[in-house]
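Participant: Given chain A's structure and the hints, the job is docking chain B onto it.
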Amino acid sequence: MLIHARYKFYRTFWPYCLAYPKQTQIFPFNIHLDLSSKSLKLPDLFKRDIPVKELQFSYTHSSGPGGQNVNKVNSKVELRFHVDSAKWMDEDTKHKFKNRFQSLITGEGYFIVRSEKTRSQSQNQADAISKLRTNINVALTPEPAKFTEEELKSIESGKKRFKKVTLMDKRRRSIVKKDRKYSDW
Amino acid sequence: MFKIWSPLGWEGGSSPIFKTTPVEVSYNYGYHAQRQYPPMSLKTLQLLIDTGRLDTHHPIDLATLCQTKVYRLDPNLRQFGVHLTAEGMDGFKAKVHLEVQWASQEAIAAVERNGGSLVTAYFDIFSVKALADPIAFFKTGQPIPRRLTPPADAVGYYMNPANRGYLADPTKVAEERVLLAQKFGYSVPPLDDPVSQEAQELIKDPRQVFYGLQPGWIVSLADKRIYKPLDEELVKHYNS
Numbered sequence: 679m680l681i682h683a684r685y686k687f688y689r690t691f692w693p694y695c696l697a698y699p700k701q702t703q704i705f706p707f708n709i710h711l712d713l714s715s716k717s718l719k720l721p722d723l724f725k726r727d728i729p730v731k732e733l734q735f736s737y738t739h740s741s742g743p744g745g746q747n748v749n750k751v752n753s754k755v756e757l758r759f760h761v762d763s764a765k766w767m768d769e770d771t772k773h774k775f776k777n778r779f780q781s782l783i784t785g786e787g788y789f790i791v792r793s794e795k796t797r798s799q800s801q802n803q804a805d806a807i808s809k810l811r812t813n814i815n816v817a818l819t820p821e822p823a824k825f826t827e828e829e830l831k832s833i834e835s836g837k838k839r840f841k842k843v844t845l846m847d848k849r850r851r852s853i854v855k856k857d858r859k860y861s862d863w
Numbered sequence: 288m289f290k291i292w293s294p295l296g297w298e299g300g301s302s303p304i305f306k307t308t309p310v311e312v313s314y315n316y317g318y319h320a321q322r323q324y325p326p327m328s329l330k331t332l333q334l335l336i337d338t339g340r341l342d343t344h345h346p347i348d349l350a351t352l353c354q355t356k357v358y359r360l361d362p363n364l365r366q367f368g369v370h371l372t373a374e375g376m377d378g379f380k381a382k383v384h385l386e387v388q389w390a391s392q393e394a395i396a397a398v399e400r401n402g403g404s405l406v407t408a409y410f411d412i413f414s415v416k417a418l419a420d421p422i423a424f425f426k427t428g429q430p431i432p433r434r435l436t437p438p439a440d441a442v443g444y445y446m447n448p449a450n451r452g453y454l455a456d457p458t459k460v461a462e463e464r465v466l467l468a469q470k471f472g473y474s475v476p477p478l479d480d481p482v483s484q485e486a487q488e489l490i491k492d493p494r495q496v497f498y499g500l501q502p503g504w505i506v507s508l509a510d511k512r513i514y515k516p517l518d519e520e521l522v523k524h525y526n527s
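Same order as they appear, the protein sequences are chains A and B.
The first sequence begins at 679 in the numbering used here and counts up one residue at a time.
The second sequence begins at 288 in the numbering used here and counts up one residue at a time.
Derived by calculation from the structure, the hints in this document are not laboratory data.
A few of these clues could be false.
Taking lysine-lysine pairs in the DSSO-like style, the calculated list, with each CA pair at most 27 Å apart, reads [what the hints assert, rightly or not]:
no.	chain 1	residue 1	chain 2	residue 2
1	B	330	A	754
2	B	459	A	809
3	B	470	A	776
4	B	380	A	795
5	A	731	B	470
6	A	838	A	809
7	A	772	B	470
8	B	470	A	750
9	B	470	A	795
10	A	765	A	750
11	B	330	A	765
Here chain A stands alone, though its shape is the one from the complex:
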């Protein structure tokens, strides 16, 4: 109802007024979210944004067949950033990340990831960023819980007991089967 009263243009009574009564802004939607404080509903452990301005992208030719197109078009994307001086990662995540992905980090401390998956530079850039995000998630996944010595002992003793019981059952069963046979004496 608010929107209809405010603007002089043609507006019917649906759907914005009824469906979204709190919205005073209609398209184009100029609502900006503050990413530094909010965590978006992303399906991963590193629930924060990766600031693109602090990553360095470089574009080169992709490899493989393709003639003039592959020779001329810069579709290969290389992503790199300095891990230690990255402000968008906690100390904890940095430590885990460095331990887990030593092979992808240079001697000077730069993390490098490349992508030439598609024919398009933009999509390869998206692929490189997704690789970075998956790597961070892999580094953050907790190690699977290991059993303690006491727990292992109890598990072993339990297995032995079970085996003992099954053997006793088998022997009892075999006696029953033997008793069914005809015997002279």
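Facilitator: Using the frame of chain A, we list chain B on its own:
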């Protein structure tokens, strides 16, 4: 562009296998009701803008695209609008405010990266007939139709903020803009002031077909006048 998807299994006129064999039943059920969206790439869009056939200062919708005569639509072949494809997304540098009927995520990203905006909107077949050739429609003397809501199988698409549907929640659309920027690695550029007079031009009501014109009006090109309904019942009908 009068391309139409032929029925599945069609063999150019000879009896198809699924008809000669008694096993398959209802192979193309609903073919005559299927909606089709002939594609247009970002490459052609950039070309049209560079050659001066499209003006980026005004919003671009189905009517403007059809009037270029480069992209054509035949509503009689169940073609319901534009499907924006991502071919040429790397070289797309124009700032446009687009209204299309179907768009892929990459195309949306390419448009928003340059500071533009994109909306996916549904038009029923009578509205599409009006938009495909507005001048011919005005010559028929019919009143501008009241745009209908999407059918059941399309409502989900047009209410989804990820597709920038015209029925979606604005805050969720803003979130999706940010997520898409995260995915493709660009910073979300700010949009123009949404409350200004110019920005109001960009907004179409869900019952509206043409920019600046309301349903129920009759546009007479010969008289150079617009005839509007005065009867209460008609006004109520067209404003509902």
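Participant: Would you list, in rising numerical order, the hints stated earlier that this structure does not obey?
Facilitator: Hints 6, 10, 11 contradicted; others consistent.
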